[in-house]
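Taken in sequence, the protein lines are chains G, Z and C.
Per our numbering, the first sequence starts with residue 1, numbered consecutively.
Per our numbering, the second sequence starts with residue 468, numbered consecutively.
Per our numbering, the third sequence starts with residue 949, numbered consecutively.
Keep in mind the hints are simulated off the structure, nothing from the lab.
It is possible that part of the hints are untrue.
To be verified - Here chain G is said to cover these stretches of chain Z; the calculated rule only asks that three of the stretch's residues, wherever they fall, bring their Cβ under 8 Å from a Cβ of chain G:
| id | region |
| --- | --- |
| 1 | 481-495 |
| 2 | 551-563 |
| 3 | 691-703 |
| 4 | 796-809 |
| 5 | 826-836 |
To be verified - In silico EDC-like cross-links for lysine to aspartate or glutamate, where the CA-CA straight-line distance does not exceed 20 Å:
| id | chain 1 | residue 1 | chain 2 | residue 2 |
| --- | --- | --- | --- | --- |
| 6 | Z | K879 | C | E956 |
| 7 | Z | K814 | C | E971 |
| 8 | C | K1017 | Z | D531 |
| 9 | C | K1026 | Z | D797 |
| 10 | Z | K852 | C | D974 |
| 11 | G | K282 | C | D968 |
| 12 | Z | K559 | C | D984 |
| 13 | G | K326 | G | E291 |
| 14 | Z | K811 | C | E956 |
| 15 | Z | K768 | C | D1005 |
| 16 | G | K280 | C | E965 |
| 17 | G | K382 | G | D394 |
| 18 | Z | K768 | C | D974 |
| 19 | Z | K838 | C | E971 |
| 20 | Z | K709 | C | E1000 |
| 21 | C | K1010 | G | D29 |
| 22 | G | K282 | C | D1005 |
| 23 | C | K975 | Z | D882 |
| 24 | Z | K811 | C | E965 |
| 25 | Z | K559 | C | D987 |
| 26 | G | K72 | C | E1000 |
| 27 | C | K970 | Z | D797 |
| 28 | Z | K811 | C | D968 |
| 29 | Z | K814 | C | D974 |
| 30 | C | K1026 | G | E112 |
Virtual Cβ for every residue (Gly too), placed ideally from N, Cα, C.
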Amino acid sequence: MTKIGLEIHCQLTNLESKLFCSCKANYRDFKINENICPICMGLPGTLPRLNQEAVKKATIIAMALNCTTPDKIAFFRKNYFYPDLPKNFQITQLNIYGDTSIGGTGSIMVGEKKINITRIQLEEDPGRLIYEGSSSKNLITLVDYNRAGTPLVEIVTEPDFEGPKQVRDFVNILSDLLENLGVSDPGLDGAMRIDANVSIEGGKKVEIKNIGSFHDLEKAIHFEITRQESLHSRDISIIQETRHWDDKRKITVSSRSKEEDLDYRYFLEGDIPWVRIDPKTKAELKLKMPESISTKKERYVSKFNITPQVATVLSSDKFYSDLFEKSHTESNAKEIANIITTDLMGLVDTREKREESKITGTHLKDLADSIQSGKISRISAKNALYEIVKTGKDLSKVILELDLGNVSDESTILKIIQEVISDEPQAVEQAKSNPQTINYLVGKVMQKTKGKADPKLTLDLLKKQIG
Amino acid sequence: MNLKISALEFVQEVKNGNISAEDFVAKTLERIQSVDDKLHAFLSVNEEAVVKAREIDKKVKSGDKVGACFGMPISIKDNMCIKDSKTTCASKMLENFVAPYDATVITKLKEQDAIFIGKVNLDEFAMGLTTEFSAFGPSKNPWNTDYVPGGSSGGSAVSVSSFECITSLGSDTGGSVRNPASFCSIVGYKPTYGLISRYGLISYSNSIEQIGPLTRTVKDTAFMLNIISGLDVNDNTTRDNKNEDYLSEIDSGIDGKKIGIIQEMVGDGIDPAVLSATKDAIAKLESLGAVCEEVSLDMVKYSVAAYYTITATEAGSNLARYDNLRYGYDFSVEGYEFNSYISKARKNFGPEVIRRMIIGGFVPSAGQAGKYFLKAMKVKSKLTKEVDEVFKKYDLLIAPTVPILPFKIGEKIDDPVSLFQIDINTVTANLTGKPAISVPFVISNGLPIGIQLLADTMQDKLLLQAAYALEQTVTLPEVPI
Amino acid sequence: MVTEEEIEHVAKLMRIEIDDHKEFVDKVHAMIDYFDVLDSAGVESEEISMHEIPISDLRDDKFIPFNEKLIDTLNNYKGTYIRAPKMST
Ligand SMILES: [Zn+2]
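Chain G extracted, bound-state conformation (with noise of 0.2 Å):
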């Protein structure tokens, strides 16, 4: 049987300040080597200043993941040597005196599957090494420590996972149940890394590392998996080892540095008490925790009749059921779920277009409300939300200025009826035979008038007419 262990590393993006100095913690937009200090750059005499907020929104983490959490957490030392290490030690998590990791075990469902979880760390980003050269010859080593130091929570599983399909929904639910409590943006560039330990019946475990993306996981595993398969038909055993991810080449291969090499001897962080996590903050924390995905999902389900397959879309992914959260009321909620998982998420697919597009909730609540009494056609509305997301301008504004507004004036919409009766002789003695049909000739006046006539007093007039 395949067995499959990882170990995510989730960046804390949400956080103002590194885990123990005061930089900033999402370093992406500093210029190279501008967000350091002398505590991230390990300078003689610094010492660590743990961030509270971090051991907070790790705990919330473990909470979210079922996992147990200590009264005391300890911080360990992991020595060993790289450039992108400023002290050429990391600090990090370990349960070696107790419990003392920020979380402890802990379980998900992934469908059916129960994947369980070993541990929660609190550690220490490093920095970044960028080669510069033209051949492997003449490579430079060059490194920015802007990222040392951001917040890094590694959660490691057990080896539960049977296949790669199963990684991939593990990881989609982890990355938005981690956005749904706000302690990471996991769609960030390196926000969440990912190495994986794979096994098959009768061989040893293999770790792999330098996954550079989501979309790489699932076939470095499947290459994995597939090698050692290879290598079992033929007899030849496969070694415990760390192999690397070849993104070029898409394979992975064997990391030359020799495991018995490295001894990390671990010992205790002196310059961080132990911090005790009492009941009572444990309790604080617990009641501020954002509702899970599932229960929010639920909740859309039973209290505004919404369908489950559109309830899950809204709920699983932040940037709409916030959207959601903030738009609806109790009368327009159906609208306005079906507005953002039919017209909106067509129009902010990627992540650039979620960050430039200028929709609020009151764009949202707007929009349903006009649709529900008449003022605008479902068609106009999906006009004026996309001017929206690129202007951000009022609802009533566009309208005015795209002349997008229901034609609601009778003898207006009873000349343009009176031009379709005559245009369609067929269609209106077919109308007249089989009323279902006169949808047709409905949606006539609608071209004629660009989707903007009053639906409801269209038919109510075309019936009339036709008699």
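Please arrange chains Z and C with the ligand on chain G, whose structure you already have, making use of the hints.
Okay, now just chains Z and C with the ligand, sitting in the frame of chain G:
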């Protein structure tokens, strides 16, 4: 100009306009000029000191608010960061390192108008107890320049005892303030762990070390503590002392106090002169109304091994950052592979530092941690329990600071294990986090002997009161330099 | 008893080249042998603990940029990066 006055006297004199800070600082610099060739306490001297002193004099004259130090010249062990000045740790690795920030103690002293007269010598990265392991040459004991001044804060002790400054800041990991204070006949203080911020102190063994003042009087130590102690946001291990005033009631005496004499520190290997000095000190304390009784701390036998195991482990990690990539000395990375480059670059550490780092790689390693590091940590725990237990019955503990007299430069440098034994009386305070002080007590055949007192956690005020009482019982000769 | 090979291995792990071999190994040897005394301390059942603080003592999450351009004071490469030697992967 009398350079021999205490810190409190200096402050009074400048405040009253009897002396100017500028004159005093200028004379101090002259003193350094004339004696430091023989003593080698200083690694660098602050040429700006006189200018700073002049500014303070101006403030005094114009009646502006002046900080509590009134321009008092202080020397700083060269493992504490002063912004924009060199901080070498007496190591070739950091020969050119210029600190871009101030240590918290420096910030506090600057706010109180102290003047940093210079950075003083130490064993490289504070690893040693003789100052012979400085990459820039040993300091000499002013009582006899053939002898070691103790260490690792040797430069601090020498500069204070030979009037090259009024007070100094050192750091004490296993006795590094108390040992040289004892060898140079001055007061050396290791506070409760967490009483003074370590931010800006270059770590050797961060879980047990503390910055501590070296002064010529116990009152001066209390004065320094008032300025530099207390909670610091930059150091999560600091404790809130509620702005305790260590000077007030310092003369409360020790009548009725119970003092335990640590048996394991007055037994095997103690020099007869040190033993008899200790007995005299006990007699004097008893004459002041203290009750002295023998106590036993079983774990002391293992304390030195535990101490070196823990300090080497932490040092191996703390010094890993010196890979010469971000700062350091001139040595191009061109043409090297990462591991071979840093292995070469790190050859610039001195032999003792290298030895301890290798031990620091060995004792906590996967195969050995159970035998060495974990046991050492457990000895630390058990020793702490024992000491806590003793402090339920006793107010203070007493032992000689160092079991032997100062020895000649070069005499023990080749025998690291025999050097270990010298720390036996001092490491307990570090491993347990308790405050301890060395009080100069007697000069025996021209060489100083100090007496050590210990108190319970956060009982620093009580400890200083006892030290003051003991200090008042002796009159010591002046240093012959 | 610690072997010479073990000491050499650790020196490599700690990234320090040793020249003065014999003398060096002997001294380290003697130091480590001294630690054998720990075996007779009888502390197996002891627990390891540390000073504790409440979570409320920890720093608030605020972004405060360092007040100067730190990279200028470090060994920089063209004013921006830190240069490292070649990596051997
Ligand atoms: Zn920083």
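Do the hints match the structure? See the list:
no.	hint	result
1	481-495	violated (count 0)
2	551-563	holds (count 3)
3	691-703	holds (count 4)
4	796-809	holds (count 3)
5	826-836	holds (count 5)
6	Z/K879 <-> C/E956	violated (25 Å)
7	Z/K814 <-> C/E971	holds (16 Å)
8	C/K1017 <-> Z/D531	violated (34 Å)
9	C/K1026 <-> Z/D797	holds (16 Å)
10	Z/K852 <-> C/D974	violated (36 Å)
11	G/K282 <-> C/D968	violated (56 Å)
12	Z/K559 <-> C/D984	violated (33 Å)
13	G/K326 <-> G/E291	holds (15 Å)
14	Z/K811 <-> C/E956	holds (15 Å)
15	Z/K768 <-> C/D1005	violated (37 Å)
16	G/K280 <-> C/E965	violated (53 Å)
17	G/K382 <-> G/D394	holds (14 Å)
18	Z/K768 <-> C/D974	violated (24 Å)
19	Z/K838 <-> C/E971	violated (25 Å)
20	Z/K709 <-> C/E1000	holds (18 Å)
21	C/K1010 <-> G/D29	holds (17 Å)
22	G/K282 <-> C/D1005	holds (16 Å)
23	C/K975 <-> Z/D882	holds (8 Å)
24	Z/K811 <-> C/E965	holds (6 Å)
25	Z/K559 <-> C/D987	violated (37 Å)
26	G/K72 <-> C/E1000	holds (8 Å)
27	C/K970 <-> Z/D797	violated (29 Å)
28	Z/K811 <-> C/D968	holds (14 Å)
29	Z/K814 <-> C/D974	holds (19 Å)
30	C/K1026 <-> G/E112	violated (55 Å)
Comparing the model with each numbered hint stated earlier shows that hints 1, 6, 8, 10, 11, 12, 15, 16, 18, 19, 25, 27 and 30 do not hold.
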